[in-house]
Amino acid sequence: MAAALVVPTLGRWIARSGVLPLCRQPPAWGRAARRSSGLSLAPCRAFSNNKILVELNESSGVAMMKFKSPPVNSLSLDFLTEFCISLEKLENDRACRGVIFTSNVPKIFSSGLDITEMYGKSTEHYAEFWRAVQEMWLRVYSSNMVTIAAINGASPAGGCLVALSCDYRIMVENPKFSIGLNEAQLGIVAPFWFKDTFVNVVGYRVAERSLQLGTLYPAPEAHKIGLVDELVPEEKLQERALAVMAQWLALPDHARQLTKSMMRKAVLDRLVAHREEDIQNFTTFISKESIQKSLRMYMEMLKKKR
Amino acid sequence: MAAALVVPTLGRWIARSGVLPLCRQPPAWGRAARRSSGLSLAPCRAFSNNKILVELNESSGVAMMKFKSPPVNSLSLDFLTEFCISLEKLENDRACRGVIFTSNVPKIFSSGLDITEMYGKSTEHYAEFWRAVQEMWLRVYSSNMVTIAAINGASPAGGCLVALSCDYRIMVENPKFSIGLNEAQLGIVAPFWFKDTFVNVVGYRVAERSLQLGTLYPAPEAHKIGLVDELVPEEKLQERALAVMAQWLALPDHARQLTKSMMRKAVLDRLVAHREEDIQNFTTFISKESIQKSLRMYMEMLKKKR
Amino acid sequence: MAAALVVPTLGRWIARSGVLPLCRQPPAWGRAARRSSGLSLAPCRAFSNNKILVELNESSGVAMMKFKSPPVNSLSLDFLTEFCISLEKLENDRACRGVIFTSNVPKIFSSGLDITEMYGKSTEHYAEFWRAVQEMWLRVYSSNMVTIAAINGASPAGGCLVALSCDYRIMVENPKFSIGLNEAQLGIVAPFWFKDTFVNVVGYRVAERSLQLGTLYPAPEAHKIGLVDELVPEEKLQERALAVMAQWLALPDHARQLTKSMMRKAVLDRLVAHREEDIQNFTTFISKESIQKSLRMYMEMLKKKR
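Residue numbers (the numbering used here), protein chains in the order written: chain A, 711 to 1016; chain B, 711 to 1016; chain C, 711 to 1016.
The set of hints was computed from the structure by calculation and includes no laboratory data.
A couple of the hints might just be wrong.
In this list, chains with the same sequence are indistinguishable; a pair is considered to hold if it fits within one copy or across any two.
[Said to hold, decoys possible] Below are the DSSO-like pairs computed for lysine-lysine, each with C-alpha atoms no more than 30 angstroms apart in a straight line:
# : residue 1 : residue 2
1 : K946      : K831
2 : K1013     : K975
3 : K934      : K975
4 : K1013     : K799
5 : K776      : K817
Just chain A, with the same shape it has in the complex (with noise of 0.2 angstroms):
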């Protein structure tokens, strides 16, 4: 019947069809669509480092990227390098379309940004640090594969900006579990880019709110504010996130891809503008005797809990 009726089916079509040159789907896609509401994750290339486990299913061009660094999935600078070397060989991986991270360590996403990694070290190691925790932001926030969140655990601070840099958060429904920008908690501010990040999530005035409070939300609360999409039970967050990234697949790459890069361009450009600017105000900050010793006792602290 009508042009505007059909059209909603024409993206899948176009997506099997491979009529646009620029999309990058792997030739066996369209029948693993086919076969299953959601997408199979065998046959299956791993890749591990220490710190994150990398699986790419070729067939539906997902890869899971699963966090395992104990006890908490800091973001060091250990951690930061392996991730973005994964995340690039991905990024170039023809075979990969979509990539969903989560954590491989019970009740934690991840707990951010590794404060030993700023707290005694050289003015060129906060540089260097923060260089990484720069680079781990443009890459994922910029990035042309779909990235979906599958939060299953705590996710403060730098583990919330992970996951507010993917295109879609799916997080585990447990109370117990939260999730928030809580800089301000920690005597600290979180930079422009965390906070143009979160504001493009769930908009100014929550945004105002929660990072002058630093405000953790549990999940139900995270859901209700918008700074995460979608709740499910733990033992269904796989097979959701996979669901999901099917949805987003469905859609022809490059169309996807152009839109994305319309979206956020303005938000990435304002770092890379900025980028060296931002590292020395952060050396700056974190080399106060002030903050040191702030985060020395908090250090302490955080031992004597063990």
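Given the coordinates of chain A, work out where chains B and C should sit on it, guided by the hints.
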């Protein structure tokens, strides 16, 4: 009593008194408004082109602009040209203060840009067509009149843009009618000013996700995300549109127009500043062999469906 | 246990420990916070002008600023001057970390700008008045203190602006009390920085519609659109405002202040950069014969109502 408490009635008083010389009130309007909760549509002055029917009620100052270009009110170059001429006529008519856009074709508001204008034509034709699309948006989004979309059918892509550019959107509550910017589904990308207009209505996050997925929202879901302001049964649509129009016309035109301009100027200016570049981008993109091939196969699919 | 799980308590710990030299914590504050869920208001240091009463609780660091300019707490030049002086005094007082704005006049928070300051005066007077309005906003919106509006009555136009400029808004749940930027109802236009502040609270779409219609929202609806953060029974207002203040003061001042500045700087800078131009626009607009005539008729209407 207190100033604050009587303030709400002042607008109506100013609107009636005609104190402000910049207001465009037909002298009879006050009486019409007092007569009924809505605005009756007689007596009426009508003009019609091939594809659009316009009925202006001079006593209420409200025009109905009805799209009558079957089968799907697609936005062809001819349609856009008639649309802009009709709108300009109303804009310059001091008897007209508001316009309601609706469809005369069953089940469809507008299917969006006419694909046949984008296939197998010359670069010059693509440029002329795109300029007409821009012109339509610039005129609706910046209109001095109150603009209401009475959406009585499917409204994908460019059809959705027309609705998004109005001051208010009322949709028939039928879940079979859907609305959205689904360009990504066709393998193409909504231009930045479609995106800006969309973000201004539904916010950044919903826009980001919806544009990447090319989501078409059934009326109830469109209402939930704020893409349309309210839903009504089909038989109440015109009555309700007139009642809402009466509310908006109760404000002094001058203050309302300046406020609207303050809100929309940045987004309008952005296209005005990049208009030729935007045309260039469109013609280059649409002329690509891969896109032409994709559109041809799509049109062939449509033909078979008929 | 894991770092991420103890993080939420760190802020309180930093706030208590006084590690950060930039924090402004009165030494007794920690004890006060531990003593009760809210903050008690004795012992107290008070100062009062003609139109504003200020009570500062030095042990909690919280000031109450009560508007006492009957009949409607209109923002006259005198009121604004006293307001700015009082606020500056608190801002410079290291014993004060937060301020709660509320009304001492029944049923009205503030009726907004005093119309008599805008009628039949010299251009110089209009310029002086407008500069005072700007000053009020600049000081509240950029305050280093935590600012909470305890809205215990109607709050149209400029009254709404005061509330919008705070960090948090609590309103009495009485639906007879309404709040909003209703300038359009009076035939005038809210300036761009009213608009920017409004958009930052309720988002673009609600702001666009509300500013054009000059909508005043009864308390329950104001809460629904996020114009106020919560509703309470009138007798609980002060208690609740103090409890919320205690939550905000649990954060280290320095981190909270830098975060607030990061969020609001762009909007503040915009007025600072265009301040003289904005004054010029206001004086030109308000001096227009048509606007003066409209205001005179409005004031005569108010007199008759008394």
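field: Intra- versus inter-subunit Cα pairing at 30 angstroms for K776 with K817
entry: within (14 angstroms within a copy, 48 angstroms between copies)
- prompt: When no copy is named, should K934 and K975 be tagged within, between, both, or neither for a Cα gap of at most 30 angstroms?
  reply: Answer is both: 27 angstroms inside a copy and 28 angstroms across each meet the 30 angstroms cutoff.
field: Alpha-carbon proximity context of K1013 and K799, limit 30 angstroms
entry: neither (37 angstroms within a copy, 43 angstroms between copies)
query: Is it within a copy, between copies, both, or neither that the alpha carbon of K946 lies no farther than 30 angstroms from that of K831?
result: Neither: 42 angstroms inside a copy, 50 angstroms across copies.
query: How do K1013 and K975 come out at 30 angstroms by Cα distance, when the copy is not named: within, between, both, or neither?
result: neither (42 angstroms within a copy, 39 angstroms between copies)
Consistency with the previously given hints fails for numbers 1, 2, 4, ordered from lowest to highest.
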